[in-house]
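**Q** Next come the chains, spelled out residue by residue.
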Amino acid sequence: MTAPRSFWILLIALWIGLLAWGTEAWAETVYVQAKTAQLRAGKTSLDAVVGNVKFGDALEVVGRDGRWVEVKTSAGARGWIFANKTSTSKPSVGNDTLARLGQSMRGGDASTTTASAGARGLDKASEGYANRAGVSARDREVVDRMTAYQISDQDVEEFMREGGLGEYAK
Amino acid sequence: MASLMALSMTVAGCAEVQRAAEDVARQSGNPRLAGAIHGAGNVVGSLFPIGYEEESSIGQAIALQVVARYGGVVDQPELVRYVNLVGRAVANTSDRPDIPYRVAILDHESINAFAAPAGYIFVTRGLLRQIKNEAELAAVLGHEIAHVSEKHILDVIQRSKRLAGVTEAGLSYATNNPAAFKGVIDGAVKKLLDEGLDQEKETDADTVGEVFAARVGYDAEAYVGLLTRLRDLKGDDRALFKTHPNFSARIEAVQKTIRTKHLASNGLVLQERFSRMTKRV
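First to last, the sequence lines map onto chains P and H. Under the working numbering, the first sequence is numbered contiguously, ending at residue 170. Under the working numbering, the second sequence is numbered contiguously, ending at residue 451.
Keep in mind that the hints were calculated from the coordinates and are not lab data. Computed from a prediction, not measured in an experiment: that's the story for all the values here. Accuracy of the hints is not assured; some may be wrong.
Straight-line C-alpha distance at most 30 Å; calculated BS3-like pairs for lysine-lysine [to be verified]:
#1 P:Lys170 - H:Lys352
#2 H:Lys371 - H:Lys321
#3 H:Lys431 - P:Lys72
#4 P:Lys90 - H:Lys426
#5 H:Lys426 - P:Lys124
Pulled from the structure, derived: some chain P residues nowhere near chain H, Cβ distances all over 12 Å [unchecked claim]:
#6 Ala48
#7 Gly51
#8 Ala75
#9 Gly121
For each residue, glycine too, the CB sits at the ideal point set by N, CA and C.
Model the full assembly from the supplied sequences, consistent with the hints where possible.
**A** Set out below in structure tokens:
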């Protein structure tokens with residue numbers, strides 16, 4: 001006595017479905033724990049860059065090898081990322097909703113300004129503080145310049161490459 | 171996503187409802203009720219965390235006092251750029267890499283380092299002279315970046331404001347009540363520069379900062395080396411960092427972190443680059 005053909009088709013379909021569900025359910029997710037990071041074609045800093053990701057992006061882990069993790073982005077891009085630029089816990093990104101709610105209720109504008117926009121020069125509040133506290137023009141100039149001071153991400157990468165730091169370790 | 175949208179709408183909605191209620195109370199000839207509604211909003215608002223925009227105002231105001239108290243900064247562009255590059259390398263893989271960090275060198279012979287909210291970091295010329303390699307500098311900057319990423323100073327400010335009954339902060343606060351804003355900033359500066367943060371926060375910054383520096387590949391033992399030299403120089407009884415726990419306790423905590431987090435003690439030290447870049451300190 002043999003089972004009808006439809007039974008076997010149903011069983012195979014169920015097995016494929018379970019396999020697909022299992023792969024999805026067990027896929028490990030890591031998050032980008034760096035301001036920016038590059039996905040590379042291989043697991044060295046000499047391999048070609050195949051994509052860029054930013055702080056907080058979720059990545060599906062495909063494999064691991066030493067200090068590198070092979071990942072897939074939500075857009076489907078696949079590549080290797082330096083393991084120290086990832087975290088298994090989801091980081092808190094920018095002004096969180098609670099902070100904006102608090103600022104709104106305290107009477108300030110719940111601005112959409114994010115930290116990454118960067119400030120330039122003293123703002124009105126600190127300028128007002130400087131006036132009341134009698135801070136000298138020289139010291140204001142120092143903090144003003146400090147606030148506006150910028151180094152590009154590219155310069156930081158070059159500095160790390162020169163020193164063999166991070167993913168540029170020899 | 172739907173819950174986020176709903177929460178975002180609530181953010182805007184609460185403020186609008188509060189303002190509308192204030193207007194109705196005022197128009198109906200009840201300014202006391204309008205004031206009470208406004209005050210209630212402030213009280214509730216003070217229970218929420220401080221956002222980056224407000225943090226930036228607070229950080230700048232504290233930075234102004236740090237610079238004023240320490241007599242200005244070192245004006246050597248190459249050296250300042252180098253210290254900032256080390257700081258950025260560490261900050262970029264810290265737990266809070268999405269804000270700008272800037273490092274200034276205070277032109278002062280004392281041995282200390284400070285961090286104000288929103289990424290304003292200071293090291294003294296005296297401390298820089300005690301540091302022997304880039305890994306030690308990275309660990310010091312890691313400690314200060316940890317104060318910022320863990321929001322230690324903001325925590326102190328939130329608590330002191332609640333105790334003082336101040337319910338506003340940041341831009342609106344400074345505009346509405348500049349005298350109270352000055353009081354809060356002056357209190358934070360006193361805590362930061364004179365009294366010191368809680369020892370628990372300093373230990374936390376040591377251990378978290380050590381992890382930040384190690385993530386970039388710096389030798390985890392380097393910080394132990396620096397702390398040991400400073401202890402030998404000044405001893406535990408007269409802790410060199412008057413605002414920090416004694417050196418022996420700090421060394422022990424850092425060593426424990428290296429063991430438990432399995433941090434590499436064969437990382438990079440980069441002594442040659444450090445010596446080349448800091449020869450004019």
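**Q** For each hint, tell me whether it holds in the structure or not.
**A** Right, here's what the structure says about each hint:
no.	hint	in the structure
1	P:Lys170 - H:Lys352	violated (50 Å)
2	H:Lys371 - H:Lys321	holds (10 Å)
3	H:Lys431 - P:Lys72	holds (27 Å)
4	P:Lys90 - H:Lys426	holds (26 Å)
5	H:Lys426 - P:Lys124	violated (44 Å)
6	Ala48	holds (22 Å)
7	Gly51	holds (18 Å)
8	Ala75	holds (17 Å)
9	Gly121	violated (9 Å)
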